[in-house]
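Engineer: Here is how the chains run, residue by residue.
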Amino acid sequence: MLERCHVLICGGTGCLSSHSKEIQIEFDKCLGELGIRSEIKLVLTGCFGLCEKGPVVIVYPDETFYTHVKLRDIKEICEEHLLKGRVVNRLVVTNPDDRKKLLHFSELKFYAKQKRIALRNCGNINPLEIDEYIAKDGYLALGKVLTEMTPKEAIDEMKKSGLRGRGGGGFSTGVKWEFAHRSISDQKYVICNADEGDPGAFMDRAVLEGDPHSVIEAMAICGYAIGANQGYVYVRAEYPVAVERLGIAIEQAREYNVIGKNIFGTGFHFDVEIRLGAGAFVCGEETALIASIEGERGMPRMKPPFPAVRGLWGKPTNVNNVETLANVPVIYLKGADWFKSIGTEKSSGTKVFALGGKIQNTGLLEVPMGTTLREVIFDIGGGIPNRRKFKAVQTGGPSGGCITEKDLDTPIDFDNLIQLGSMMGSGGMIVMDEDNCMVDVARFYLDFTVDESCGKCTPCREGTKRMLDILDKICQGEGEVEDLDRLEELGTMIKEASLCGLGQTAPNPVLSTLKHFRAEYMAHVVDKSCPAGVCANLTKYVVLDNCIGCTKCLKNCPVNAITGSVKQKHVIDLSLCIRCGACKKACPVNAISSKPEDVRGVLNA
Amino acid sequence: MKSLEDLKKLRDQALKNMEMRYQVGGTRIQVGMGTCGIAAGARPVLNKFVEEIAKQNLKNVGITQVGCMGECAFEPIIEIVEQDGTSTIYARVNERMVHEIIEEHIMGGKRIQKYLLSAIKR
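For the protein sequence lines, the chains are X and V, in the order given. Taking my numbering, I'd label the letters of the first sequence as residues 1 to 605. Taking my numbering, I'd label the letters of the second sequence as residues 1 to 122.
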């Protein structure tokens, strides 16, 4: 029987953690009780992108977008909507602009400005059903390439499209394929780099979870172009859902013989296997990744020889990132010219970003290259919550830098971001507001790279540790002005003297915050105060004159450091205060400030 | 799968099962599924429509269930809304009539006068 209604439940890791799997089971149960189970199709899809509003459920054909769905809501959706056709209004997504309910999800601003190529199937199809992928022209690109193109033509098409590596480097994918194609060997390999390690980036996970077949298809196309018959997906074991779905997808693809021996009767063989990584950041670097697959310790080695010449087990190997590969089938279906027409001249196509931090719509989005940061953060991302002020955005994760208000109107592409002293990276975007201390942010990222440095190069291993020591000192209130110069000197040195991308970019968060927020560093070392009120040792909470004497702060203080009577200005005893910030959160009129006096004066003026 | 032709055949078949997620515009058949409609037998009618449309391989025809249409005495009621906004309301629809409505109205473009709500009410 054909279903009259499709219920799509988000099965991305974000929504799974808020019980979307249980929601599916509950739907199944409720529909069964109502006797309409066979009329409704339940699909657990990949990530819809709007993780902030999860768990998300979409009902077709009405296009109803239910958000923050709880287990106890399912019965109502089944009885009201699926049985009687009455939309459950209280769960429908609201338009942030006018607070009205939106009946069709495509009207949401979050989706209106996006263009989805790599994420085209995420949230649209069931990742566990190869048929649904095929319905969306899946494996057609592979068929087309195998039957109508020579490897050389396939590479030329890829070069023409202008696709650049989405993992961070931004190197031309077509040129990379050509290098591997030119190497002569009896055996070559294709590797999909799914070792996504940037804190806050999860686009590769979303693609593997939501559309694993697109990656498998692209790897087969790449294999044909460079002359390889074996592919490996190197994915971290911390992504259990992605690993499971990819495994199922590979099985199904083998069953249909779209990978395996003699694909489409053309005599081309290609197979894919999964290799699990232990989640080391450095293994995202291709030579370290290859070492890890070989069973060695994950450490980068000198290039050249590049993997295209001597890669996995000494054979020519092509390594591409997940998002890069997800773009590949579409390029062959719609043509290089179509792809080139999207984005900017030097960066064609789209880019997926993972928005996180102080942002309304935490989640995953895909926009054409050339979209400005302002559009991404304020239009799609919905801006900063709690009426706070935007301070900076960190792109490129621990390898990138921060971008401030004045550069928000820069169109995003590989080259522009580098000019701003940051980088595209894999596409993590962490938004910071006035309550973030930039010294603390830099310390957070450096703490990560110190942990993740493989230890091969001394400047990276020791240098980042020393930089972290200095930052710790500054945050403790023991910093001196010379420390800032030391940070800069060390940072520049580490960048120049490290072998791989990890070391070469590790000082970036420190250097870029030093450049844009030197005054904040100075406040830490000279005034011994943290303007954002994050570094506990440097924070002094004071009650301002606009205190209304409501006694809320007094009641919330865990150490009874606040005194005062009703309708009178209260006072904080700094010798008792433990700088926990509970009073600031409790205050209804923002009368408690952690800002140093001069900043406070400016704010109140 | 042996050839590209097999793949294309499979794609067309698979797409049929997913079409409702991608239909934009076209004709919409709205079936009244209030308590009154369900009691009068709207659900088998709705399912019959889904089945018939798939059988006839109709593109650009979508089926939605809606709430009570107000004329409870004449349920099951269905409304056909064309792309240009013209609407036709049929009343007391049963499974047997579905086939006729699809063939004559949706495919043939002719209203079936005797099933119209306005005709039945008179």
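Calculated from the structure, these hints are not laboratory results. Be a bit skeptical, because a hint or two may be false.
[To be verified] With a Cα cut of at most 16 Å, we get these calculated EDC-like pairs of lysine to aspartate or glutamate:
| no. | chain 1 | residue 1 | chain 2 | residue 2 |
| --- | --- | --- | --- | --- |
| 1 | V | K16 | X | E3 |
| 2 | X | K41 | X | E129 |
| 3 | V | K9 | X | D137 |
[Claimed, not checked] Restraint ranges, calculated between C-beta atoms of paired labels, are given here:
| no. | chain 1 | residue 1 | chain 2 | residue 2 | range |
| --- | --- | --- | --- | --- | --- |
| 4 | X | K334 | V | K55 | 44 to 52 Å |
| 5 | X | K75 | V | K55 | 46 to 54 Å |
| 6 | V | L15 | X | T458 | 24 to 32 Å |
| 7 | V | P44 | X | A586 | 53 to 61 Å |
| 8 | X | C580 | V | L15 | 26 to 34 Å |
| 9 | X | A112 | V | Q56 | 28 to 36 Å |
| 10 | V | K55 | X | G260 | 51 to 59 Å |
[As the list claims (entries may be wrong)] Partial list, computed: chain V residues near chain X (C-beta under 7 Å):
| no. | residue |
| --- | --- |
| 11 | M1 |
| 12 | L10 |
| 13 | R11 |
| 14 | G62 |
| 15 | Q65 |
| 16 | A73 |
C-beta atoms are modelled at their ideal positions from N, C-alpha and C, and glycine is treated no differently.
Engineer: With reference to the structure, classify each hint as holding or not holding.
Structural biologist: Verification of the hints:
1. Our distance criterion of 16 Å between C-alpha atoms is met by K16/V and E3/X, whose separation comes to about 11 Å.
2. A distance of roughly 13 Å separates the Cα atoms of K41/X and E129/X; the hinted pair therefore holds under the 16 Å criterion.
3. Proximity of K9/V to D137/X is assessed by CA-CA distance (about 11 Å); at most 16 Å being required, the pair is judged to hold.
4. Between K334/X and K55/V the C-beta distance comes to about 32 Å, which lies outside the given range of 44 to 52 Å.
5. Hint check: K75/X to K55/V, Cβ distance near 33 Å, so the stated range 46 to 54 Å is violated.
6. A C-beta distance of roughly 58 Å is found between L15/V and T458/X, which places it outside the suggested range of 24 to 32 Å.
7. Between P44/V and A586/X the CB atoms are about 59 Å apart, so this pair conforms to the stated range of 53 to 61 Å.
8. Between C580/X and L15/V, the C-beta spacing of about 58 Å breaks the proposed range 26 to 34 Å.
9. Separated by about 34 Å at the C-beta atoms, A112/X and Q56/V satisfy the suggested range of 28 to 36 Å.
10. In this structure the hint that K55/V and G260/X lie 51 to 59 Å apart at CB is violated, the actual value being about 35 Å.
11. Against a cut-off of 7 Å between C-beta atoms, the interface hint on M1/V holds, since the closest Cβ of chain X lies about 5 Å away.
12. Proximity of L10/V to chain X holds as hinted, the smallest CB-CB distance being about 6 Å (cut-off 7 Å).
13. Using the Cβ-Cβ criterion of 7 Å, the hint placing R11/V at the interface with chain X is satisfied: the shortest such distance is roughly 5 Å.
14. For G62/V, the interface hint holds, the least distance from its beta-carbon to any beta-carbon of chain X being 5 Å, beneath 7 Å.
15. Because the beta carbon of Q65/V sits about 3 Å from the nearest beta carbon in chain X, less than 7 Å, this interface hint is met.
16. The beta carbon of A73/V comes no nearer than 18 Å to any beta carbon in chain X, farther than 7 Å, and the hint placing it at the interface is violated.
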